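With the hints as constraints, model all of the structure from the sequences given.
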Amino acid sequence: MWYYDKKLEYPINIKKCDPRMAKYIITQYGGPDGELAASLRYLSQRFHMPTKETQAILNDIGVSCSKCSGCSVFFLPGSPGNSEST
Amino acid sequence: MNERQKLLEQIMAYDFCMIDLGLFLDTHPSDANALKDYRTCFEESEKLRKLYEEKYGPLSLRHMPNTRCWQWIDMPWPWDREA
Numbered sequence: 000m001w002y003y004d005k006k007l008e009y010p011i012n013i014k015k016c017d018p019r020m021a022k023y024i025i026t027q028y029g030g031p032d033g034e035l036a037a038s039l040r041y042l043s044q045r046f047h048m049p050t051k052e053t054q055a056i057l058n059d060i061g062v063s064c065s066k067c068s069g070c071s072v073f074f075l076p077g078s079p080g081n082s083e084s085t
Numbered sequence: 000m001n002e003r004q005k006l007l008e009q010i011m012a013y014d015f016c017m018i019d020l021g022l023f024l025d026t027h028p029s030d031a032n033a034l035k036d037y038r039t040c041f042e043e044s045e046k047l048r049k050l051y052e053e054k055y056g057p058l059s060l061r062h063m064p065n066t067r068c069w070q071w072i073d074m075p076w077p078w079d080r081e082a
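Each protein sequence line maps, in turn, to chains U and E.
Take the first sequence: its letters are residues 0 to 85, numbered as in numbering that gives the first Met the number 0.
Take the second sequence: its letters are residues 0 to 82, numbered as in numbering that gives the first Met the number 0.
Just to be clear, a hint being listed does not mean it is correct.
What the hints assert, rightly or not - Listed below are the simulated DSS-like cross-link pairs for lysine-lysine, each with C-alpha atoms no more than 25 Å apart in a straight line: (1) Lys54/E - Lys5/E; (2) Lys49/E - Lys14/U; (3) Lys49/E - Lys6/U; (4) Lys54/E - Lys6/U; (5) Lys6/U - Lys5/E; (6) Lys14/U - Lys5/E; (7) Lys5/E - Lys5/U; (8) Lys46/E - Lys5/U; (9) Lys15/U - Lys5/E; (10) Lys51/U - Lys35/E; (11) Lys54/E - Lys51/U; (12) Lys35/E - Lys46/E; (13) Lys49/E - Lys5/U; (14) Lys46/E - Lys5/E; (15) Lys49/E - Lys5/E; (16) Lys35/E - Lys54/E.
To be verified - Computed footprint of chain U on chain E, listed as stretches where at least three residues anywhere in the stretch have a Cβ under 8 Å from a Cβ of chain U: (17) 16-24; (18) 58-71.
What the hints contain is simulated information worked out from the structure, not anything from laboratory work.
Keep in mind it's a predicted model, so treat the numbers as computed, not measured.
Just so you know, even glycine gets a beta-carbon here, dropped at the ideal spot from N, CA and C.
As structure tokens, this is what we get:
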């Protein structure tokens, strides 16, 4: 079960346009080894963990990963959130 | 950064600590220091959140005030740019 809080986990303040970095971030978010795929893996693996500690940590990391880079993509160059986009 | 954003950043800082301490406590569930720090962050975060929500509006759907209008849609989202 997820709840949305109207705030970020960590503040974002992108000051300059950097398309190369943007490419890294968007791949890290949605690419084959990205956070989205990782979070789903953690959340499936948690069911089979043998101890309560490891079940809990996979649950909590899985939740963190699915949200951590979601908002930053919006602030990348060329996206509507970035005032420097052209 | 305006007053609202400053207060929100303080809440974010305490909540970030809670996430991090929570991960640590998952594998060290009886660490007294971590438990104490978690408690402190939780209490501070709750205090500031109540203050924020009284002043500016709900931060989550769980704390929606009983008003005639649904305030959730009025508050700025994290991706809204403010002057």
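Hint by hint, here is what the structure shows:
For the given pair, Lys54/E sits about 13 Å from Lys5/E by alpha-carbon distance, which is consistent with the 25 Å threshold. For the proposed pair Lys49/E and Lys14/U, the alpha carbon gap of about 32 Å is over 25 Å, so the pair is violated. Note on Lys49/E and Lys6/U: the hinted pairing holds, with a Cα-Cα distance of about 15 Å set against a maximum of 25 Å. A distance of roughly 16 Å separates the Cα atoms of Lys54/E and Lys6/U; the hinted pair therefore holds under the 25 Å criterion.
Taking the CA atoms of Lys6/U and Lys5/E, the gap is about 12 Å. The hint holds against a cut of 25 Å. Of the pairs offered as hints, the one joining Lys14/U and Lys5/E holds, with about 19 Å between alpha carbons and a cut-off of 25 Å not exceeded. For the hint pairing Lys5/E with Lys5/U, the CA-to-CA distance comes to about 15 Å; that is within 25 Å, so the pair holds. Under the criterion of a C-alpha separation no larger than 25 Å, the hint pairing Lys46/E with Lys5/U is consistent with the structure, at around 17 Å.
About 22 Å separates the Cα atoms of Lys15/U and Lys5/E, which keeps this hinted pair within 25 Å; it holds. Proximity of Lys51/U to Lys35/E is assessed by CA-CA distance (about 22 Å); at most 25 Å being required, the pair is judged to hold. Annotation: proposed proximity of Lys54/E to Lys51/U is violated, straight-line Cα distance about 40 Å (limit 25 Å). For the hint pairing Lys35/E with Lys46/E, the CA-to-CA distance comes to about 17 Å; that is within 25 Å, so the pair holds.
With a CA separation close to 14 Å, the supplied pair Lys49/E and Lys5/U stays within the 25 Å bound. A C-alpha spacing of about 15 Å is found between Lys46/E and Lys5/E, which places the hinted pair at or below 25 Å, so the restraint holds. With a C-alpha separation of about 15 Å, the suggested pairing of Lys49/E with Lys5/E holds against the 25 Å cut-off. Among the hinted pairs, Lys35/E with Lys54/E is inconsistent with the structure: their alpha-carbon atoms are about 29 Å apart, more than 25 Å.
Counting residues of the region 16-24 of chain E whose C-beta sits closer than 8 Å to any C-beta of chain U gives 3, which meets the bar of three, so the coverage hint holds. As drawn, the region 58-71 of chain E meets chain U at 4 residues by the rule of a beta-carbon pair under 8 Å; at three or more, the given contact holds.
This entry does not satisfy hints 2, 11, 16, going by the numbered hints stated previously.
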